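J.: Heads up: the protein sequence lines correspond to chains A, B and C, in order. Here the first sequence is numbered in my numbering, starting from 1 and rising by one per residue. Here the second sequence is numbered in my numbering, starting from 290 and rising by one per residue. Here the third sequence is numbered in my numbering, starting from 596 and rising by one per residue.
Hints may contain errors.
Claimed, not checked - Covered stretches of chain A, as calculated for chain B (at least 3 residues, CB under 8 angstroms): (1) 169-175; (2) 242-254; (3) 266-280.
To be verified - 25 angstroms max Cα-Cα, derived DSS-like pairs, lysine-lysine: (4) B:Lys490 <-> C:Lys658; (5) A:Lys25 <-> B:Lys413; (6) B:Lys415 <-> C:Lys902; (7) C:Lys603 <-> C:Lys902; (8) C:Lys603 <-> B:Lys413.
I should point out that these hints are in silico values taken from the structure, not numbers from a laboratory. Quick caveat, the model's predicted, so the values are computed rather than measured. Note that CB positions come from ideal geometry on N, CA and C, so glycine has one too.
Listed below are the residues making up each chain.
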Amino acid sequence: MQNQEEALHADTALLRIAAMLRTDKKAAFGAVVIAIFILVALLANAVSPYDPYKIDLANRLGPMSAKHLAGTDSFGRDVLSRIFYGARISLVIGLLPSIIAILIGTALGLVSGYYGGFIDFIIMRLADIVLAFPSLLLALVIMYSLGVSLLNLFIALAVINWGVTARTVRAQTLSLREKEFVEAARACGVSDLAIMFRHILPNCIPTLLVILTLDIPEAILSEATLSFLGVGAEPPTASWGLMVSENKQFLFSQPWVAIAPGIAVLLLVISFNFLGDGLRDALDPFMSE
Amino acid sequence: MLKYIVSRILVMVPILLGIVLAIFFLLNVLPGDPVSLMMKDKIKPDVIDNLRERMRLNDPWYVRFAVYVANALKGDLGYSYRYHREVKDLIMGAFPNTVKLAFAALAISWGIGIPTGIIAAVRKGKLSDSVLMTFSLAGVSMPIFWIGLLMQYIFAYKLGALPTSGFSTLKHLILPAFVLGWSSSGGIARMVRANMLEVMKHDYIRTARSKGLGETRVVFGHALRNSMLPVVTMMASQVSWLLSGAVVTESIFAIPGLGRISVDAITNRDMPLLQGTVIFTTVLIMLSNLIADIAYGFLDPRIRYQ
Amino acid sequence: MQSVLEIKGLTTHIKTKAGTIVPVNGVSLSVLKGEIVGIVGESGCGKSMMAMSVLQLLPAAGKIVDGQALFEGADLLGMNKRQMRSIRGDKISMVFQEPMSSLNPTMKVGKQVSESLILHTKASRAEAKERTVQIFQEVGIPDAQRRYNSYPHQLSGGLRQRVMIGLALALKPALMIADEPTTALDVTIEAQILKLMKGMQAASNTSIILITHNLGIIAELCSYVYVMYAGQIMEQAPVFELFAEPKHPYTQGLLKSLPMLGEHREKLHAIPGSVPNLASLPPGCSFCPRCDIATSACYTLKPGLEKISEARKARCLLYSKGVAL
Numbered sequence: 001m002q003n004q005e006e007a008l009h010a011d012t013a014l015l016r017i018a019a020m021l022r023t024d025k026k027a028a029f030g031a032v033v034i035a036i037f038i039l040v041a042l043l044a045n046a047v048s049p050y051d052p053y054k055i056d057l058a059n060r061l062g063p064m065s066a067k068h069l070a071g072t073d074s075f076g077r078d079v080l081s082r083i084f085y086g087a088r089i090s091l092v093i094g095l096l097p098s099i100i101a102i103l104i105g106t107a108l109g110l111v112s113g114y115y116g117g118f119i120d121f122i123i124m125r126l127a128d129i130v131l132a133f134p135s136l137l138l139a140l141v142i143m144y145s146l147g148v149s150l151l152n153l154f155i156a157l158a159v160i161n162w163g164v165t166a167r168t169v170r171a172q173t174l175s176l177r178e179k180e181f182v183e184a185a186r187a188c189g190v191s192d193l194a195i196m197f198r199h200i201l202p203n204c205i206p207t208l209l210v211i212l213t214l215d216i217p218e219a220i221l222s223e224a225t226l227s228f229l230g231v232g233a234e235p236p237t238a239s240w241g242l243m244v245s246e247n248k249q250f251l252f253s254q255p256w257v258a259i260a261p262g263i264a265v266l267l268l269v270i271s272f273n274f275l276g277d278g279l280r281d282a283l284d285p286f287m288s289e
Numbered sequence: 290m291l292k293y294i295v296s297r298i299l300v301m302v303p304i305l306l307g308i309v310l311a312i313f314f315l316l317n318v319l320p321g322d323p324v325s326l327m328m329k330d331k332i333k334p335d336v337i338d339n340l341r342e343r344m345r346l347n348d349p350w351y352v353r354f355a356v357y358v359a360n361a362l363k364g365d366l367g368y369s370y371r372y373h374r375e376v377k378d379l380i381m382g383a384f385p386n387t388v389k390l391a392f393a394a395l396a397i398s399w400g401i402g403i404p405t406g407i408i409a410a411v412r413k414g415k416l417s418d419s420v421l422m423t424f425s426l427a428g429v430s431m432p433i434f435w436i437g438l439l440m441q442y443i444f445a446y447k448l449g450a451l452p453t454s455g456f457s458t459l460k461h462l463i464l465p466a467f468v469l470g471w472s473s474s475g476g477i478a479r480m481v482r483a484n485m486l487e488v489m490k491h492d493y494i495r496t497a498r499s500k501g502l503g504e505t506r507v508v509f510g511h512a513l514r515n516s517m518l519p520v521v522t523m524m525a526s527q528v529s530w531l532l533s534g535a536v537v538t539e540s541i542f543a544i545p546g547l548g549r550i551s552v553d554a555i556t557n558r559d560m561p562l563l564q565g566t567v568i569f570t571t572v573l574i575m576l577s578n579l580i581a582d583i584a585y586g587f588l589d590p591r592i593r594y595q
Numbered sequence: 596m597q598s599v600l601e602i603k604g605l606t607t608h609i610k611t612k613a614g615t616i617v618p619v620n621g622v623s624l625s626v627l628k629g630e631i632v633g634i635v636g637e638s639g640c641g642k643s644m645m646a647m648s649v650l651q652l653l654p655a656a657g658k659i660v661d662g663q664a665l666f667e668g669a670d671l672l673g674m675n676k677r678q679m680r681s682i683r684g685d686k687i688s689m690v691f692q693e694p695m696s697s698l699n700p701t702m703k704v705g706k707q708v709s710e711s712l713i714l715h716t717k718a719s720r721a722e723a724k725e726r727t728v729q730i731f732q733e734v735g736i737p738d739a740q741r742r743y744n745s746y747p748h749q750l751s752g753g754l755r756q757r758v759m760i761g762l763a764l765a766l767k768p769a770l771m772i773a774d775e776p777t778t779a780l781d782v783t784i785e786a787q788i789l790k791l792m793k794g795m796q797a798a799s800n801t802s803i804i805l806i807t808h809n810l811g812i813i814a815e816l817c818s819y820v821y822v823m824y825a826g827q828i829m830e831q832a833p834v835f836e837l838f839a840e841p842k843h844p845y846t847q848g849l850l851k852s853l854p855m856l857g858e859h860r861e862k863l864h865a866i867p868g869s870v871p872n873l874a875s876l877p878p879g880c881s882f883c884p885r886c887d888i889a890t891s892a893c894y895t896l897k898p899g900l901e902k903i904s905e906a907r908k909a910r911c912l913l914y915s916k917g918v919a920l
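Pulled out of the complex, with its shape left as it was, chain A reads as follows:
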């Protein structure tokens, strides 16, 4: 019976999001830009004018031209094609580790809030530790430990960012645990696991959505930064951070090649932030519950 109530919540949440996208221009802008980036990433091999890895030393650091709309980099590779392919890495790194981190955080938060006691104490102290650690430094340490590769960067970002989710889900679980529908389910003999996942979790989804839209831009910036520092994606991968770093020594002679990938980062990240702000406003009443 309370599933109905929850379905209603999800419905109204969707309605609110739809209404928000119609009235909030910034959020709508963000959604459109993100959609374009996703399309470009999916269709990168179709929309890219050149092979992003094709080296053409005769055309090093070429200017913007009809042939190369965004010029060529220090290896003569087409910058626009590399930016298109770079969208794949940024989106995958933005989305997947954030989702994994949220899943980890949700599971830990549910267990922590539902069972309480010693296990709660341990999980929350772990969360304190992860949260007290500046994430960039933790990522550096993990990358040192596991070795530099995109996959390890992926793991590092997933392992680092669960703290906020765990704390938030725990707080919501604590309050939901006392609600009548949970008591009723428990009285009916529903198992703990089923209560957590079928009765408590659906109520946390609006909050999780907001956390996700805030985590994604963080992760995209982290990937770009770590790749720029040389502890993320490895050459010749088309990663925006790495592209800036590869071409920064030509900043004064051919600034565009180092600057362009950064514009892509800015555009994608600010779009996620716009959308996240809009979502937060739209779903606020659900979260304060």
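Given the coordinates of chain A, work out where chains B and C should sit on it, guided by the hints.
T.: Chains B and C in isolation, oriented as in the chain A frame:
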């Protein structure tokens, strides 16, 4: 108040220990044996054994951890493979540079962020609010390395007004501090605005207006102090942010600070140096957390008079 | 006798997500010099919004669209911000419901009062402080000198409300608007605060508009009452007449829900239904969905506020001439 401070410190200690353990585990236990990693198979077995003995690698990891913590408490953070110097000395050499950068950046970020947030809140819904907040969000959304390069190009190369890199004069500090400070001012502005709007909804703001106070007095006399309380707690996370950002900023502007050392340590696989800088930085952040908590206590009479 | 405040046809709109609502709809009332006037109604009926409109302290979404509020002859609603500020606190002051949240938590209570004195009388800090301590004594705050330096959370609810009343009366205003001043307090403290208000009023000849949902308080303090429902005045009468013979079905319902001493009732009456949603009012009389005696005419015709005797008015078709019920 004293009780409050002591309880804050007591909460900190186990977290700090947990962090040191996590770093130690990641850097010492997980990657395997640093001696065989360093030496490959070029060296005679007895030399390796000797070295292993000297580095206590034959002991179980928890013994090594205890030894490390005990030494660290005495100020001994180990010996850098790469620079052949005490890690402590390297850190102490780099620390002042990072402090200078961080404080200058903090001043810039507050100087930009707080007024921006206040103005946006007071003009909520107006065009100036929208413009200021879009700028703030853009600041949050730009990668620091990118702003850094952009500023180098504009101010150092095109205008020739400021040096590109190095850290010898005050002039060298301007660009990096501005880059780091600007990028963190967006978060401050958003926070101040949100708090201010929240506080302006409170009943006591209505009371203040009902006394006949002008809007300026209402904002500065009543709203500001209350909306600055959470900003003070944010100062701690900001220090964390600035020290992370310093890693990138110092790399771009070639500033010999803590961040630069830790990146160097990774590229040179200099484990003791990396471990030392990361732990040192974390301690700094936890200390600033503590200071923020205490400052919060002083600003909020509800805590001060506990 | 001369009236201090004369409100004529005040109408206020508030924009909400559900559309524009009209919490104050053509309200007229007058307050005589030295009189305590009560405004009674359930929560959400627009009483507070009316009070906020008078001092132009509406939330940002609120807007006064029509009416006048003549204070000592001048229309408050036509005043600019600067003129309005010179009235607030000095000529007209307010006491709010929640003394805890209505006082700034990070400012000493004494300073919150002296701030107002400095603003309006150009007193020096020392003079303002001295005067504040004196006011604290007048409103019955023990150990006033020390309490000056207290923060709100260090005071009890009753003391906080005494601070609020001291603040409201500090400048001997012509009018004080008290919005549910005792709702947040427990009963014994409530009695003390009411007694204090009555005493202060008698001493200073300040007029009071007392906004409450509690008819008992009205009976105790007021001389004239307005009954408000869904943004409109439903009935107005001198207090004894209202209690002796309520004319409007809503007032009758309110009175029936009061426990009376020396009268045996099986159970207390409750008005059926709930507080109306201002965003979707019926086309006819706004009270008709909850009215025991409503007829089909009530659902279509809007009743006017009809004069039924020299000092009384009621808004009900019962008293509208020429309407067959």
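J.: Indicate, hint by hint, whether the structure satisfies it.
T.: Against the structure, the hints:
1. 169-175: Violated, because only 0 residues of the stretch 169-175 of chain A bring their Cβ atoms closer than 8 angstroms to Cβ atoms of chain B.
2. 242-254: Coverage by chain B holds here, the residue count being 5 at a Cβ distance below 8 angstroms.
3. 266-280: holds (count 6)
4. B:Lys490 <-> C:Lys658: 17 angstroms, holds
5. A:Lys25 <-> B:Lys413: 16 angstroms, holds
6. B:Lys415 <-> C:Lys902: 47 angstroms, violated
7. C:Lys603 <-> C:Lys902: Distance of about 16 angstroms is within 25 angstroms: holds.
8. C:Lys603 <-> B:Lys413: The hint is violated at about 32 angstroms.
Against the hints set out earlier in the document, violations occur for numbers 1, 6 and 8.
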